[in-house]
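Which chain is which? The protein sequence lines are U, C and H, in order. Using our numbering, the first residue of the first sequence is number 1, and each one after it goes up by one. Using our numbering, the first residue of the second sequence is number 1, and each one after it goes up by one. Using our numbering, the first residue of the third sequence is number 1, and each one after it goes up by one.
Because the hints were derived from the structure by calculation, they are not lab data. C-beta atoms are modelled at their ideal positions from N, C-alpha and C, and glycine is treated no differently. Take the hints with a grain of salt, since some may be wrong.
Unchecked claim - Only some residues are given here: those of chain U computed to face chain C with a beta carbon under 8 angstroms:
1) 25
2) 26
3) 38
4) 40
5) 98
6) 137
7) 143
8) 147
Listed below are the residues making up each chain.
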Amino acid sequence: MQDIEQHLKELNISLPEVPAPGGVYTPAREFGENFVYMSGVGCNTLNGETFTGRAGAEVSIADAQRAAYQAALNAVAVMKANLGDLNRIKRIVKILGFVASADTFYEQPQVLNAASKLFCDIFGEEIGKGARSAIGVNVLPGNIPIEIEMLIELKENDRRISVN
Amino acid sequence: MQDIEQHLKELNISLPEVPAPGGVYTPAREFGENFVYMSGVGCNTLNGETFTGRAGAEVSIADAQRAAYQAALNAVAVMKANLGDLNRIKRIVKILGFVASADTFYEQPQVLNAASKLFCDIFGEEIGKGARSAIGVNVLPGNIPIEIEMLIELKENDRRISVN
Amino acid sequence: MQDIEQHLKELNISLPEVPAPGGVYTPAREFGENFVYMSGVGCNTLNGETFTGRAGAEVSIADAQRAAYQAALNAVAVMKANLGDLNRIKRIVKILGFVASADTFYEQPQVLNAASKLFCDIFGEEIGKGARSAIGVNVLPGNIPIEIEMLIELKENDRRISVN
Chain U
1 MQDIEQHLKE LNISLPEVPA PGGVYTPARE FGENFVYMSG VGCNTLNGET
51 FTGRAGAEVS IADAQRAAYQ AALNAVAVMK ANLGDLNRIK RIVKILGFVA
101 SADTFYEQPQ VLNAASKLFC DIFGEEIGKG ARSAIGVNVL PGNIPIEIEM
151 LIELKENDRR ISVN
Chain C
1 MQDIEQHLKE LNISLPEVPA PGGVYTPARE FGENFVYMSG VGCNTLNGET
51 FTGRAGAEVS IADAQRAAYQ AALNAVAVMK ANLGDLNRIK RIVKILGFVA
101 SADTFYEQPQ VLNAASKLFC DIFGEEIGKG ARSAIGVNVL PGNIPIEIEM
151 LIELKENDRR ISVN
Chain H
1 MQDIEQHLKE LNISLPEVPA PGGVYTPARE FGENFVYMSG VGCNTLNGET
51 FTGRAGAEVS IADAQRAAYQ AALNAVAVMK ANLGDLNRIK RIVKILGFVA
101 SADTFYEQPQ VLNAASKLFC DIFGEEIGKG ARSAIGVNVL PGNIPIEIEM
151 LIELKENDRR ISVN
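Isolated chain U (complex conformation) (with noise of 0.2 angstroms):
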């Protein structure tokens, strides 16, 4: 099994800050034997260019698909921020990713793509691909083009070990 943080190295990506939460909510929550509940992760700015809008409209697709890569790329951040070792994680499970889109826009899939293909080049396909649920929707909080929330699954621990 590869090393995932080391692998991020190898990839030559640093993780961005996690901000502080925006709104009564737990960005990662533990829960079951093995589970975790990301809130949903946003995206505005990358290397200092910031996306606002929908897309098909402000924001091209190709801006679009770069705000789903800062999304996914934030959400790796707060993994990593709220369990410690991105080595943890079993498999990302499931993605719902919103996209702000003009009434005319359809390409929702080809922009959370840059999302997915990103967990994949992380944690490789086994582990990063997960189910997915691309929507459009009129706007999002802040005017942000993105937001993704996820269910990951962790690798077992000995707590369940220690139950039976």
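Chains C and H: place on chain U using the hints.
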């Protein structure tokens, strides 16, 4: 551990009646060993006030917050009706909140905070402060301004013990 | 217990072919001990009829219901293709249904009932009637009117027994 039902009384909160489901679904679906998925819960009346329309258009942010508070209260009433005892709840895992929004309304998290704060008031932060996503949409069923869906974890019950 | 695959034949329902995923994702992701998350499933063709656009605008409520029925049928086809045997399903836990909607269309639950009823017809109410949220959005991928995402629980398998 505080008794949640007693605490509700101390807060002077009385739960509204639970309406019949507005479609072919189960309001609270128990699954796995200890989980409950709550169907989307809406809101349109609080103390005789009725809210319809979109935040940032027909509905002010203050009224959208009152609607979010009411949706949260309705959700707790559905929990009580289906679980029997609110003390069975181990944690609110996750809230997915939709706010019917004008295209230029960006304050969905501030609106949903009114729901999240009620959960924290009733259950305490440790139980009540779950992961959350705040999403704007152009329209919700019946023209309500708010709909929230929730995943809940219950305390371990006897079933698991008997299995092992 | 009724045999679901036999029951499908009695209902004279034949499952459509499963298309290749329209993006970087896994159509049905097994996780935990007994869970499956189904990626968002769309619809646009039923018996040669094609549905595009928004309910309440280009798409009538009756056509939106036909599209919802078709999305549900597609979902069952994805289950069959990925699980092998529909009898493995213990319960549909939860459906998150999105209806591309004109701003003045409020009947999302009535539209999604067509999907929920099909699940109840095929699996019976006990298995098929999950929790559900019905959400309106301004646009969906490829301009489809309906997208549904599902969480499914499988019957306990041998894995758990061997662990204990």
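Hint check results:
1. 25: With a closest approach of 4 angstroms, the residue 25 (chain U) hint holds.
2. 26: 5 angstroms, holds
3. 38: 6 angstroms, holds
4. 40: Check passed: Cβ of residue 40 (chain U) comes within 3 angstroms of chain C, closer than 8 angstroms.
5. 98: 6 angstroms, holds
6. 137: Interface hint status for residue 137 (chain U): holds (5 angstroms vs cutoff 8 angstroms).
7. 143: Holds: closest Cβ of chain C sits about 5 angstroms from residue 143 (chain U), inside 8 angstroms.
8. 147: This interface hint holds because 7 angstroms falls under the 8 angstroms limit.
Going through the hint list in order, the structure satisfies each hint without exception.
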